[in-house]
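*Asks:* Sequence:
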Amino acid sequence: MYEPLIQIPLVIFKPGQSVREDVHTPSSNLDLLPTLLRIVKQEKQDWMEGEILPTFGSHAGNQPRDIFVLEAKENKKFGELENGSISMIKDPYKLTYYFGFDEVSDYYELYN
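All the letters of the sequence shown, read from the start, carry residue numbers 1 to 112 under my numbering.
Hints are computed from structural coordinates only; laboratory data are not their basis.
One should not assume that every hint holds.
In silico DSS-like pairs for lysine-lysine, Cα to Cα no more than 25 Å straight-line [claimed, not checked]:
1) Lys73 x Lys44
2) Lys44 x Lys14
3) Lys94 x Lys73
With the hints as constraints, model all of the structure from the sequences given.
*Replies:* Spelled out as structure tokens, the structure:
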């Protein structure tokens with residue numbers, strides 16, 4: 001759950017865009033589908049969890065929200081999660097919970 005692994009740059013060009021526009025709002029991969037639908041002038045569906053990225057006309061994207069990250073690579077592809085780590089990022093804090101590991105099970109870390 002190190003920052004260089006969870007902070008992945010995203011580059012999207014709006015139709016007709018000619019000037020670079022940087023956005024530093026925390027977002028999630030869940031935001032991609034609603035944003036792409038906005039680009040092709042389709043409505044976000046009720047079942048979608050993500051938000052439209054702020055520069056694409058969303059007012060909700062400007063509101064602070066929690067971002068969740070899950071790392072569970074040692075689990076079976078199909079089945080319950082037996083071990084892993086889950087982080088909740090709420091600027092400027094990141095709370096990480098480790099579960100199912102022999103050496104550090106049910107262990108929390110809080111970073112600022």
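*Asks:* Give a verdict on every hint.
*Replies:* These are the hints, each one checked on the structure:
no.: 1; hint: Lys73 x Lys44; in the structure: 31 Å, violated
no.: 2; hint: Lys44 x Lys14; in the structure: 17 Å, holds
no.: 3; hint: Lys94 x Lys73; in the structure: 20 Å, holds
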